[in-house]
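What follows is each chain in one-letter form.
Protein chains: 2
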Amino acid sequence: MEICGYQFKEFLEKIKGFHGSTAPGIIIGGLMIDLAQRNLPPGEFFDVISETTACLPDAVQLLTSCTTGNGWLHLVDHGKFALTFFEKENGRGVRVFVDSAKMKKWGEVKAWYFKDKPKKEQDFDLLVRQMEEAGDGLFSLEEVTVNLEGFQKVKKGKTGYCPSCGEAYPLSHGKVCRRCAGDTPYLKV
Amino acid sequence: MEICGYQFKEFLEKIKGFHGSTAPGIIIGGLMIDLAQRNLPPGEFFDVISETTACLPDAVQLLTSCTTGNGWLHLVDHGKFALTFFEKENGRGVRVFVDSAKMKKWGEVKAWYFKDKPKKEQDFDLLVRQMEEAGDGLFSLEEVTVNLEGFQKVKKGKTGYCPSCGEAYPLSHGKVCRRCAGDTPYLKV
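In order, the protein sequences belong to chains A and B.
Just so we're aligned, residue 3 is where the first sequence starts under my numbering, counting upward by one.
Just so we're aligned, residue 3 is where the second sequence starts under my numbering, counting upward by one.
Please keep in mind that the hints were generated in silico from the structure rather than gathered at the bench.
Warning: the hint list may mix true and false statements.
Which copy is meant is left open, because identical chains are indistinguishable; a pair holds if it fits in one copy or across any two.
Cut-off 20 Å, straight-line C-alpha distance, at most; resulting in silico cross-link-like pairs (EDC-like, lysine to aspartate or glutamate) [what the hints assert, rightly or not]:
hint : residue 1 : residue 2
1    : Lys155    : Asp79
2    : Lys155    : Asp138
3    : Lys158    : Asp101
4    : Lys160    : Asp101
5    : Lys158    : Asp79
6    : Lys190    : Glu91
7    : Lys190    : Glu144
8    : Lys190    : Glu151
9    : Lys112    : Asp127
10   : Lys190    : Glu89
11   : Lys177    : Glu12
12   : Lys157    : Glu15
13   : Lys157    : Asp118
14   : Lys106    : Asp125
15   : Lys121    : Glu110
16   : Lys90     : Glu46
17   : Lys160    : Asp79
18   : Lys122    : Glu4
19   : Lys158    : Asp118
20   : Lys190    : Glu145
Because the structure is a prediction, the values reported are computed rather than measured.
Next comes chain A alone, as it looks inside the complex (with noise of 0.2 Å):
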């Protein structure tokens, strides 16, 4: 089997060498991902949504030339295992998503998805197994229409030092700098 371009245990490796593990949530999206790009409505350059912070975004950033710092991976807090790719320019787009009457039949997979049992307690490579035979059975495909407000890049704009600090930051921003405006993510010591 192969997950775009790459056979399966290499993907796996290229996982464990980005990632640090080889999280079963990235190789259920190197399985996601290959069944949207053989969906994708007409169009040339897409964007890619992933409804979960955890571990989805890494499959996108492995496997698609979105990542989070050239602004093409879009990440939405639902806590879902759906990812979505869309056409820059007409938010025309196909989302992927973990069906859930699906993945009954895979009980290890469901298993895992839904924490039924504790993680030391789930059977490894019984789930890589079950997600490699299952292929794209787990998923279901959802044309969508994005709302393209809100995913539009925001221009940074003039660049200006901080007359409190010093440091460059966006004039947009205020009179200065967010950090010495107070929005700090550092303690006073």
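Based on the hints, put chain B in the right spot on chain A.
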């Protein structure tokens, strides 16, 4: 010159393969990561904060074990080329940031960073050469302590079936999934 164990030219190839183009923001990101890793506080496991959503996250994903999908890469949308490696348990970290004062010595880097001239007038080869020559010379370091409250992994909790669409979703999201509750990236057509 080496960046995190890669020869400079090899790193440029890696960037293109992952990000789609040899984005200057990722080259400079590589230099920042290399510097940060030589100045880590004591500790074993580090997460990374990128203070911009553009380009820099991809440098982190290429050169460290922190990715969007494994949750060890965090984005703070401050529009700043700055990144922080912090120890997961105690929040102690090192922040590397582009130092405006130091950048003045490198005209093409400054022109690119501040968009002093349009992209087509920028000299890409000179820009890359200046980055390579500058090495650590574009940055300063700052010891920080991260407010860990903002960067804890949120457990998804139990998964169930949405009574409206039938898809699996985190029950903590409410009685129906977020999409069925009206928070959707898709248009009704």
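Hint check:
no. : hint               : in the structure
1   : Lys155 with Asp79  : both (19 Å within a copy, 13 Å between copies)
2   : Lys155 with Asp138 : neither (32 Å within a copy, 31 Å between copies)
3   : Lys158 with Asp101 : between (39 Å within a copy, 19 Å between copies)
4   : Lys160 with Asp101 : between (46 Å within a copy, 17 Å between copies)
5   : Lys158 with Asp79  : between (24 Å within a copy, 11 Å between copies)
6   : Lys190 with Glu91  : between (45 Å within a copy, 17 Å between copies)
7   : Lys190 with Glu144 : between (49 Å within a copy, 13 Å between copies)
8   : Lys190 with Glu151 : between (37 Å within a copy, 14 Å between copies)
9   : Lys112 with Asp127 : within (14 Å within a copy, 52 Å between copies)
10  : Lys190 with Glu89  : between (45 Å within a copy, 17 Å between copies)
11  : Lys177 with Glu12  : neither (51 Å within a copy, 41 Å between copies)
12  : Lys157 with Glu15  : neither (37 Å within a copy, 27 Å between copies)
13  : Lys157 with Asp118 : between (45 Å within a copy, 15 Å between copies)
14  : Lys106 with Asp125 : within (17 Å within a copy, 57 Å between copies)
15  : Lys121 with Glu110 : within (11 Å within a copy, 52 Å between copies)
16  : Lys90 with Glu46   : within (9 Å within a copy, 41 Å between copies)
17  : Lys160 with Asp79  : between (30 Å within a copy, 16 Å between copies)
18  : Lys122 with Glu4   : neither (29 Å within a copy, 41 Å between copies)
19  : Lys158 with Asp118 : between (45 Å within a copy, 14 Å between copies)
20  : Lys190 with Glu145 : between (49 Å within a copy, 11 Å between copies)
The structure shown violates the earlier hints numbered 2, 11, 12, 18.
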